[in-house]
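Student: What follows is the residue order along each chain.
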Amino acid sequence: MNSPIIGDRSAQWKNYFIALVITAAIFATAFYASNYFNNRRIAEIRVTQDNISIDILSLETQFELLAEHSCKDISENSVLSKEIRPLADRLSYLETQSNVDGSELLRLKRYYSLLQIKDLLLMKKVAQKCKLKSVFILYFYSNKGDCKGCENQGYVLTALSEKYPQLRIYSFDYNLDLSALQTLLSISEVENKLPALSINDKIYYGFKGIEDIEKILPQLATLDKTATSTAKAKSAL
Amino acid sequence: MFGDGVVYTLLFISLYFEVFLLVTFLEKRSRRKFSHAIKNAGAALPRVCIVVPCFNEEKTLALSMHSILSLRYPRELLETIIVDDGSTDRTLEIAEEFVRACPVVGAQRHTIRVFHKENGGKHTALNLALQNTNAEIIGCLDADSTVGEDALMRVVSVFENPDISAVTPGVHVRKPKSALQHIQNAEYTLSVFNRFMFAALGSVFITPGAFSIYRAKTIRELGGWRHGHSTEDMELALRMQKNGHKIANAPAAAVYTATPKTIVALFHQRVRWTYGFLRNLVDYKFMFGNRAYGNLGLFILPTALISIGTGIYFFIRVLWYGLENLLDMFARIEVTGVVPFPSFELFYFNTSALLIISLIAIALILVLISAGSWLGTGRRMPPSGTPLFILLYGFLVPLWISAAVFRAMFKTGVRWR
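Protein chains in written order, with my numbering: chain Y, 1 to 237; chain W, 238 to 654.
Read the hints as simulated data drawn from the structure, not as lab findings.
The beta carbon of each residue, even a glycine, is placed where N, CA and C say it ideally should be.
Please note that a few of the clues may not be correct.
Only part of the chain W face toward chain Y is listed, based on derived beta-carbon distances under 8 Å [said to hold, decoys possible]:
hint, residue
1, 249
2, 530
3, 566
4, 569
5, 585
6, 593
Chain Y with its partners taken away, still in its complex shape (with noise of 0.2 Å):
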């Protein structure tokens, strides 16, 4: 172009009181819509947690009416290993996000573990009867920034999951206020010595690796055959 413009140097108040506004409109609108989104993804938990509360609850009304009968339309896994994981994935994930309302979260958590509490029980008396092998860990962090081995040790828990989809992993804050929660800790006696496990009924304190827990479980190897098997069985179908 060859329009050689030459301005005025004198202050343009109106462009830069126009440009503040059109700015302060941006960002307005990216935190409106950061905010909207988050709102979301906690709906989609909410109706998430909702489900499995509901399925918890017919899980349990179906065990009172078959318990002494039968076992065989008891699945194993038939509730929260399908959806508790991504659910913890999520709940964490959100966590690291910035905008989102705080006190929402915490509650959605409270809810997670309470969920988790009610689910552990269950199994507990869904194995006592049918004489399932189940293997139960309970995993207690914390994420005030004074465990060290914390965010190690859900790693590993993560991996051990997936290597042995059967195994049955719940998670806790250690700091969560939750009468439940601080119920649980006391009856399992675990103290301020993180991150903790719970395999079986006793606990370990400080981090574990994954062949430190199989060790701790050599029943893992028969679950990961009776997994593998069932895949096996499935895939024949």
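With chain Y held as given, fit chain W onto it using these hints.
Tutor: Relative to the frame of chain Y, chain W by itself:
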């Protein structure tokens, strides 16, 4: 939390700068239609002197000279002065060959004169030419640059306005080949827009060595060129602003400059520019926040300085978090023996305000580059190196900014080459 506050503040300033330029551009555009036509027709053309300062330019001088000889401008009104600033190669020999073989166009022979002097820096070469010409208009063409055929006519037509003391051209990368040169091409296209807008705001603070043209009288009144911490083009522009001279821009007056081919060469060039910028800012610090200098003092210079801090801050932050994530990933692989894969679930799609604002800022940069392309060439498409520019430039800039800040703080000086 403090870190987030700093990030959002710097992002706000960067975005505000882009929006302000765009708003002003659209406002100017609505007031007057821009066209590619050359305005000057009937007015008497002034006598022009193009100075080609050289220091060891045996490889590029001929190309620059041929482009000057191809300029569409009356031969009798155009004079070329080659100043050999103590070259140790064949520069002087090549320059004298041009004098001997000077072509005759029509009835007129092109006037070429050659001066040889001891090496004293570019500003001394320009001042020597200034002393030895009686042309009304004087300009400089670096020996690593070539000029479009119509460029001089486009620039000279601007001087019809008696208030204008200098005109800057639209500088482009000459035949970009490597990825690095394509990145610079996008950067230069963005500069075409910025320079155009700075002129619109009366705030030009650099008159690039590649074909910036001045009224000789003004330069004489101001005392000629100075060393200006190896950036005499910036020092002169700031001095002109200080003395109330107006600097215009003719973006369609195309100049093509050779750009560094390697990162190391680019690094040295940019350290020199940034160092000169910082040291000149110190010399002209009275302009900062000074309403007497309008947009330049209140907005353009402070934002240019903040952008240096922003570049360093974002680089360190990205590097810090990048390394943290990398170490985290290695730790994860070490304890689990499994390489983690990122999730592509919609749930995990990043929708943070920071990312949304950054994407808007990038989109605006694209718009500004397109506007620069349109102003400079009439084409709206941004150059092909634009994606690479957006992806990589932010990582390159802090390298030379940091080095220049360090050198400016300790006044170590920089090499011209």
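Student: All the hints need checking, so say for each whether the structure fits it.
Tutor: Each hint tested on the structure:
1. The interface hint given for residue 249 of chain W holds, since its Cβ lies 6 Å from the closest Cβ of chain Y, which is under the 8 Å cut-off.
2. Hint on residue 530 of chain W holds. Least Cβ distance to chain Y is approximately 7 Å, under the 8 Å limit.
3. Because the closest C-beta pair between residue 566 of chain W and chain Y is about 10 Å apart, greater than 8 Å, the hint is violated.
4. Look at residue 569 of chain W: its Cβ gets to within about 5 Å of chain Y, closer than 8 Å, so that hint holds up.
5. A hinted interface residue such as residue 585 of chain W counts as satisfied when its beta carbon comes closer than 8 Å to some beta carbon of chain Y; here the least separation is about 6 Å, so the hint holds.
6. With its C-beta approaching chain Y no nearer than about 4 Å, residue 593 of chain W sits inside the 8 Å limit, and its interface hint holds.
Violation of the numbered hints given earlier is confined to hint 3; every other hint is satisfied by the structure.
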